[in-house]
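As given, the protein sequences belong to chains A and B, one line each in that order. Just so you know, we're using my numbering here: the first sequence kicks off at 1 and counts up by one. Just so you know, we're using my numbering here: the second sequence kicks off at 1001 and counts up by one.
Honestly, the hints are just simulated from the structure, not real lab data. Don't take every hint at face value.
[Stated by the list, open to error] Under the rule of at most 30 Å between Cα atoms (straight-line distance), these lysine-lysine pairs were calculated in the DSS-like manner:
| hint | chain 1 | residue 1 | chain 2 | residue 2 |
| --- | --- | --- | --- | --- |
| 1 | B | Lys1105 | B | Lys1117 |
| 2 | B | Lys1182 | B | Lys1102 |
| 3 | B | Lys1178 | B | Lys1102 |
| 4 | B | Lys1105 | B | Lys1182 |
| 5 | B | Lys1182 | A | Lys221 |
| 6 | B | Lys1105 | A | Lys221 |
[Stated by the list, open to error] To give an idea of the chain A side of the interface with chain B (calculated C-beta under 7 Å), a few residues:
| hint | residue |
| --- | --- |
| 7 | Ser134 |
| 8 | Glu199 |
| 9 | Ala204 |
Even glycine gets a Cβ: it sits at the ideal position worked out from N, Cα and C.
Take a look at the letters that make up each chain.
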Amino acid sequence: MTGKGTDRRRRSSGGDLVTRGGAATIVAPAAAVVAVFLVFPALWTLYLGLTNRGLTGINAANPQFVGLENYTTALSDPALWNSLQVTFIFVSGSAIVGQAVLGFTLAWVFRNWQSWVRRALELLVVVAWIVPSSVVAFLWVAFLDGESGTLNAILGIETEWLLRHPLLSVIVFNTWRGTAFSMLLFGAALNSLPPSYLETSRLAGASPLQQLFDIILPSIKGYIITNLLLISLWTFNDFSPYLITGGGPAGATEVLPIYIYNESIRFGELGFGSAISAIMLVINLLIALSYLRAGRSRS
Amino acid sequence: MAGIEISEITKIFPGEVTALSELDLSIEDGEFFALLGPSGCGKTTLLRTIAGLEPATSGSLDIGDRDVTSLPPGDRNVAMVFQDYALYPHMTVRDNIAYPLKVQKVGREARYGEAEKAGSSLSLDGLMDRRPGQLSGGQQQRVAVARAVACRPDVFLFDEPLSNLDAQLRLEARGFLKQLQKDLGTTTVYVTHDQGEALALADRMAVMDHGVIRQVGTPTELFHRPANVFVAGFIGSTPMNLIPGVLGDGNVRFDGGVLPLNGRGDTGGEVFYGIRPEYITIGDVGDISGTVAITENLGAQFLVTVDVAGQLIRAVVAEGSEPATGDTATVNPDPDRVLVYDRESGELTPGAGYH
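Bound conformation, chain A alone (with noise of 0.2 Å):
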């Protein structure tokens, strides 16, 4: 095994076909695409974080140098605070519980149907994921809708589901949408088990609930890390919220994303925002980092 590996470093550094300027000059355009589109943005967002620049008036024109005032007063805004709290509960609602635990489910059920069910369900599931978030939104707000919504319309009751549920509203709704994705990715790798795993367990006398804790999940372990990094990510940054509440009310939906845009732009203190921005930064990177190393400890 490890002279193996040492093996093919050993070639790829030797550069048997370009030499290691050939290789920097073959990928530069790239880079240099990379470093315009992603590297400056973020460096500039860091830049901006620093400063009270606004959307508009002087400090638009001739903004100062502020230093760590936006993240301390960013800090000590109970807003952030709370928009941290909803977020938190958000990703963990609608992307872990939600879309994963269902995803997974729908695949688990799923597996052993007749393959023409199995792939009309699936394409019923994926429907609502390549609909656009736009559209999804207003199908829900018409589905919640206090007045005339189809929910209220099916249980013969009147309830504003946006006002008086508004974070489980948004999290039912980003599960709908993103579920078939985990689903898919749930399902591809339930079929990569050889069928002999579960036959093995099944000749020993596991009940399907062994199966499931002693063999399948710990099988796919890998698959699991991986759709929650995205998932967990997607749905962290995700600003499609804002389509169904606005943030609303009260800040009761107001997510990282949409307390961002709201001091930036309908506030103006791009400065600010910016700040907020590099805070999310940080925390992706932390998400990304935590479920990377839960992905190496498996081997």
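Once you've looked at the hints, dock chain B against the given chain A.
Frame of chain A, contents of chain B only:
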């Protein structure tokens, strides 16, 4: 310990594919029984039906004195070793071997004890804390066998367990499997498409084709007296010569001459003259002569193919005595070893041949 009684087992897969057709088979207690056949013949389906992984469409199956036809796999007390070994990559060797015992709620101490014992009987000492990914193919195969051994089943089921090993290891593994089975005395059903493996391992074996059993017997019986041309062609490292001819007065005539028979007086009828390449000698004198078409080096022996009036006849000769390609040579079958098959039905006709 238990024998297996299979009666009129039929398995039809969705789409009207008949994998097993009213199959009867009885396997003795403690026997090493091989199921041999080409791919798609139903041998693996039969094994999986015994395991309970495939429910039989009809028929009944007894293991020991229990009717297990409708029991789930976990209640049949059988253990199976799969072709891909089915070792769990996230468990250590010890946990893999102990897993069936864990499912059966055997305490931690007891099941690790059993695992150690099974492991060391298969020379896995020192590997117990490794993961399957850190083992060689041969070691993985032994772990899979140890897992089957540890739960002390009534029956071992092997599904081509050696086919992922290289030739050298396969020979070694074959030896220890046979030894292990003799030591444990557990009834064993072993599926393979390799006739050499079946001959080497089995106490008795069955040759299957298209969901039916074509012949059951000891390896010696099947090698010396294949009951039909299918078995004749399947068993033996070089297939039997089946020369189409007409049964004459104590011999078989074909375009290239007259082939000798012993102990048969009947005449008439289109037959195959069956003779193993090992029982033909090549020489300068004799009635049947032809041109040497191909010689193949088998190591200590040579496989010589002689073209006799358009009919290719294969013979195995000792190294050093092989003719050169293009030479003229005579073909001399040993009349005591000849088997005569009816050409229409493909069945062995009584009389001539080795008994």
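Inset, instruction - Mind listing which of the numbered hints don't hold for this structure, in increasing order? - result: 5 and 7
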